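Numbering (our numbering), first residue to last: 1 to 115.
Since the hints were derived computationally from the structure, they do not count as laboratory data.
Hints are not guaranteed to be accurate.
Unchecked claim - Capping the alpha-carbon separation at 25 Å, the derived lysine to aspartate or glutamate pairs in DMTMM-like fashion look like this:
| id | residue 1 | residue 2 |
| --- | --- | --- |
| 1 | Lys61 | Glu75 |
| 2 | Lys95 | Glu75 |
| 3 | Lys95 | Glu59 |
| 4 | Lys61 | Glu81 |
| 5 | Lys20 | Glu46 |
| 6 | Lys95 | Glu84 |
| 7 | Lys25 | Asp36 |
| 8 | Lys95 | Asp83 |
| 9 | Lys49 | Glu59 |
| 10 | Lys20 | Glu7 |
| 11 | Lys61 | Glu46 |
| 12 | Lys31 | Glu7 |
| 13 | Lys77 | Glu59 |
| 14 | Lys31 | Glu50 |
| 15 | Lys21 | Asp36 |
As the list claims (entries may be wrong) - Between beta-carbon pairs, the in silico distance windows are:
| id | residue 1 | residue 2 | range |
| --- | --- | --- | --- |
| 16 | Arg69 | Leu97 | 17 to 27 Å |
| 17 | Lys61 | Ile14 | 31 to 41 Å |
| 18 | Phe93 | Asp36 | 50 to 60 Å |
| 19 | Tyr16 | Asp36 | 25 to 35 Å |
| 20 | Arg91 | Asp36 | 48 to 58 Å |
| 21 | Glu8 | Gln33 | 31 to 41 Å |
| 22 | Val27 | Glu75 | 18 to 28 Å |
| 23 | Lys45 | Tyr16 | 38 to 48 Å |
| 24 | Tyr16 | Arg37 | 30 to 40 Å |
| 25 | Phe92 | Arg24 | 50 to 60 Å |
Please read these numbers as outputs of a predicted model, since none were measured by experiment.
Just so you know, even glycine gets a beta-carbon here, dropped at the ideal spot from N, CA and C.
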Amino acid sequence: MSSSLEEERAQKKIGYKAAKKVARKVVAIAKSQTFDRLYQSLGTKEGEKEIFKLARARERKTRDLGVVRCINDEEGKVFTENDEIRERWRRFFAKLLNGEGVRDDCSRGGEFSDQ
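Please work from the sequences and hints to get the whole structure.
Next comes the structure, spelled out in structure tokens:
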């Protein structure tokens with residue numbers, strides 16, 4: 001019985017490899033056609049605009065995400081505007097630095113030993 005399972009498995013593997021080979025060819029043809037259309041359009045005025053679109057997209061992908069673009073407020077509402085974000089950070093640090101909502105571990109008194 002194990003030999004029939006092995007034969008079935010071998011047949012499935014052969015079928016998989018054949019399908020994979022066909023799929024690879026189809027993808028290569030589609031890519032080739034897409035690039036051909038792109039290269040033909042580059043000589044036109046619309047093609048020039050497309051070049052700049054591609055360049056901007058590539059630049060955005062490589063941009064560092066060091067700048068916060070959105071932030072949640074206390075209730076979970078999302079802020080995306082710079083003024084709203086700045087105001088939220090101002091409230092957060094004001095609350096933090098004024099001691100509101102901050103746990104004070106040092107006020108327990110005598111709980112720590114010198115050991």
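Hints, verified against the model:
| no. | hint | in the structure |
| --- | --- | --- |
| 1 | Lys61 to Glu75 | violated, 31 Å |
| 2 | Lys95 to Glu75 | holds, 15 Å |
| 3 | Lys95 to Glu59 | violated, 38 Å |
| 4 | Lys61 to Glu81 | holds, 21 Å |
| 5 | Lys20 to Glu46 | violated, 37 Å |
| 6 | Lys95 to Glu84 | holds, 17 Å |
| 7 | Lys25 to Asp36 | holds, 16 Å |
| 8 | Lys95 to Asp83 | holds, 18 Å |
| 9 | Lys49 to Glu59 | holds, 15 Å |
| 10 | Lys20 to Glu7 | holds, 20 Å |
| 11 | Lys61 to Glu46 | holds, 23 Å |
| 12 | Lys31 to Glu7 | violated, 36 Å |
| 13 | Lys77 to Glu59 | violated, 30 Å |
| 14 | Lys31 to Glu50 | holds, 17 Å |
| 15 | Lys21 to Asp36 | holds, 23 Å |
| 16 | Arg69 to Leu97: 17 to 27 Å | holds, 25 Å |
| 17 | Lys61 to Ile14: 31 to 41 Å | holds, 40 Å |
| 18 | Phe93 to Asp36: 50 to 60 Å | holds, 56 Å |
| 19 | Tyr16 to Asp36: 25 to 35 Å | holds, 30 Å |
| 20 | Arg91 to Asp36: 48 to 58 Å | holds, 56 Å |
| 21 | Glu8 to Gln33: 31 to 41 Å | holds, 38 Å |
| 22 | Val27 to Glu75: 18 to 28 Å | violated, 48 Å |
| 23 | Lys45 to Tyr16: 38 to 48 Å | holds, 47 Å |
| 24 | Tyr16 to Arg37: 30 to 40 Å | holds, 32 Å |
| 25 | Phe92 to Arg24: 50 to 60 Å | holds, 53 Å |
Checked against the numbered hints given earlier, the structure breaks hints 1, 3, 5, 12, 13, 22 and satisfies all the rest.
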